[in-house]
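Okay, here's what each chain looks like letter by letter:
There are 2 protein chains.
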Amino acid sequence: MRTAICERLGVEFPLFAFSHCRDVVAAVTNAGGFGVLGAVAYSAEQLDTELSWIDAQVGGRPYGVDVLVPGKTEGPRSTIPSEHLAFTTGLLQRYGVPYAGTLGELGERVTARGATELIEVALKHRVGLIASALGPPPPQMVTMARKAGVPVAALVGTVEHARRQVAAGADLIVAQGTEAGGHTGEIATMVLVPQVVDAVHPTPVLAAGGIASGRQMAAAMALGAQGVWCGSVWLTTEEAETPQSVKRKMLAASSLDTVRSRSRTGKPARQLASAWTAAWDSGEDSPGPLGMPSQMLLAESAMAYVVRAAERGEAGAAELANYFVGQVVGQLDQVKPARRVVHEMMEEFAETIERLSRITE
Amino acid sequence: MRTAICERLGVEFPLFAFSHCRDVVAAVTNAGGFGVLGAVAYSAEQLDTELSWIDAQVGGRPYGVDVLVPGKTEGPRSTIPSEHLAFTTGLLQRYGVPYAGTLGELGERVTARGATELIEVALKHRVGLIASALGPPPPQMVTMARKAGVPVAALVGTVEHARRQVAAGADLIVAQGTEAGGHTGEIATMVLVPQVVDAVHPTPVLAAGGIASGRQMAAAMALGAQGVWCGSVWLTTEEAETPQSVKRKMLAASSLDTVRSRSRTGKPARQLASAWTAAWDSGEDSPGPLGMPSQMLLAESAMAYVVRAAERGEAGAAELANYFVGQVVGQLDQVKPARRVVHEMMEEFAETIERLSRITE
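Chains as they are written, first to last, in the working numbering: chain A, 4 to 364; chain B, 4 to 364.
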């Protein structure tokens with residue numbers, strides 16, 4: 004396909020696949036798309052291992068790495084108030100999930116320092132794109148990527164943020180609508196994308212949020228995007244590491260079954276509505292979510308217990324279990340190989356452009 | 004343009020313009036689109052006068068009428084609790100607007116009975132479409148329209164409602180995303196439209212929500228819609244009866260300045276965020292909005308005072324003033340004749356299809 008971004012990144016079909024699973028990244032890249040590995044859950048050593056594996060799979064085809072650089076956080080290592088720990092323990096107990104309250108180390112990497120380490124590792128591999136969610140890319144990240152000749156992409160949910168990201172050195176903007184999974188703003192993709200495209204011209208824009216089919220990809224490109232950034236659609240693929248208990252909920256969910264909640268990270272993020280989000284967001288005894296990264300630290304620690312119990316088939320745990328996913332979850336009703344998802348999108352995309360041409364003949 | 008709906012309704016360019024203003028309806032129809040008059044604010048006699056005027060303007064070109072048929076309401080004539088009347092009076096007082104608390108007669112027509120009267124009037128004129136928002140079309144409405152050979156359109160925000168509307172006899176579905184102005188659901192246009200198109204096939208679908216430009220129209224049609232239904236974009240046209248104080252707020256607003264609130268009708272409706280929505284939705288002393296039609300009766304009565312004061316240039320009143328509008332309000336920054344809006348959409352639509360064809364060549 005001929006968009007500037009295809010030429011710049013050497014990608015055949017401008018479908019960017021965000022996934023925490025290396026198998027999805029490799030499969031999409033090999034199918035002609037552009038896989039982007041979400042690196043937030045990895046240590047520098049683990050990331051090195053994952054990228055070496057991907058390098059071996061994709062035979063030089065381009066792929067990217069995404070790190071979470073939060074704009075504003077509470078600081079590197081906030082403490083969890085005992086009230087919040089007690090609420091979490093009590094909540095899990097009500098649903099039959101024992102919780103030891105070990106907070107783990109996750110919060111550490113959601114800082115500019117943690118992100119920089121991951122970027123250093125990424126740049127040692129053959130990555131073709133570094134993406135940063137949440138905040139403007141730190142100057143050091145831009146400098147490092149520029150030196151390595153690797154473009155920097157930034158996710159935004161408003162026109163104002165898009166302008167700020169470009170000023171901070173982003174080479175590519177991902178305009179993400181409110182219907183997207185994960186951290187997301189309030190403006191829908193249909194409204195956001197054309198505004199961002201016009202505001203940052205000639206910087207190329209990818210559209211995110213509400214895109215999991217060829218028709219939706221064609222719509223995004225009609226809005227002026229040069230490609231699309233998809234996350235949710237990979238969560239129900241064969242390759243995805245999504246726990247079976249969560250995958251089942253996603254396959255059964257309608258588009259009404261997601262909620263934008265602070266309960267998993269401290270910032271508004273769209274996810275499956277579950278007993279967890281309900282308890283934090285509207286439970287009478289809820290202390291309210293903490294900020295980022297404290298709430299993320301607390302939630303990830305608790306959710307590890309929840310998911311283990313849900314995988315053992317415990318019904319209470321299954322009610323609590325959830326994960327970040329967009330409103331397109333209502334379209335996902337079948338487990339498919341990631342390669343097939345790419346091929347179906349390519350086919351439907353081509354059919355859609357063909358149909359639109361016929362309408363206007 | 005060649006879509007089934009163009010042929011069935013005899014329309015050149017499938018841009019449906021919902022407006023309460025007869026001048027907009029006539030201008031859009033004469034420019035090659037399809038104007039739809041929102042009839043909820045009219046008595047049967049007034050509607051008759053408006054439609055006679057439109058008939059005289061459009062020379063036989065097709066246009067439609069929209070009535071508000073609520074699915075569930077509190078009953079025909081609920082009383083307003085004194086607490087709610089006192090809150091309203093106090094709120095307006097705080098912003099310097101005297102309020103006499105006369106409730107008027109508006110609530111009367113938001114019933115199936117009121118809607119039927121309006122439809123009887125409409126069918127005496129040369130209307131080419133009857134649309135019903137909120138509930139499934141009442142059987143009598145479908146029977147009357149069928150007898151007159153006029154198709155019935157129904158607005159929906161979920162797949163489930165779309166199926167129900169088709170079962171109740173709707174000939175055309177308007178799938179409206181959460182970014183739309185007025186009564187709207189939670190699912191974004193990008194996600195909702197393809198799901199509705201697939202669920203009600205072969206019933207034709209128009210897309211609504213987030214559409215105010217040719218790019219957005221092309222995107223909607225990529226999603227599978229046979230045309231688009233736009234409301235917000237007409238509110239800042241030259242012809243629109245939007246009060247100047249509200250028009251100014253719309254021209255200045257960004258896409259972040261709307262809110263989905265029950266404060267104007269009792270059901271969630273997207274509108275400009277203002278001191279009115281803030282006070283009802285999150286004011287400490289708010290009694291919470293009533294149901295429909297009580298809240299609508301109360302709000303419309305109060306807003307009449309607010310708008311009169313705002314038009315006189317009173318600053319407090321201008322803070323309260325608002326109106327239903329979608330997230331596209333962020334794109335509206337210039338007053339234009341409705342005809343020019345249609346022509347610009349036609350032009351950008353054609354350019355977009357052309358651009359998409361080139362990309363895939």
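Since the hints were derived computationally from the structure, they do not count as laboratory data.
Do not take every clue at face value.
[Unchecked claim] Taking CB as the label site, the calculated pair distances span:
{"#": "1", "chain 1": "A", "residue 1": "149", "chain 2": "B", "residue 2": "96", "range": "51 to 61 Å"}
{"#": "2", "chain 1": "B", "residue 1": "343", "chain 2": "A", "residue 2": "314", "range": "28 to 38 Å"}
{"#": "3", "chain 1": "B", "residue 1": "167", "chain 2": "A", "residue 2": "104", "range": "46 to 56 Å"}
{"#": "4", "chain 1": "A", "residue 1": "289", "chain 2": "B", "residue 2": "343", "range": "31 to 41 Å"}
Bear in mind the structure is a predicted one, so any value in this text is a computation, not a measurement.
No residue lacks a Cβ here, since even glycine has one placed at the ideal position from N, Cα and C.
- Given a hinted range of 31 to 41 Å, is it respected by the beta-carbon distance of residue 289(A) and residue 343(B)? violated, 51 Å
- Query: Measuring from beta carbon to beta carbon, are residue 149(A) and residue 96(B) in 51 to 61 Å?
  - Reply: holds, 59 Å
- Task: Using the beta carbons of residue 167(B) and residue 104(A), state whether their distance is inside 46 to 56 Å or not.
- Result: holds, 47 Å
- Starting from the hint 28 to 38 Å, judge whether the C-beta atoms of residue 343(B) and residue 314(A) obey it. violated, 60 Å
Hints 2 and 4, counting from the list given before, are not met by this structure.
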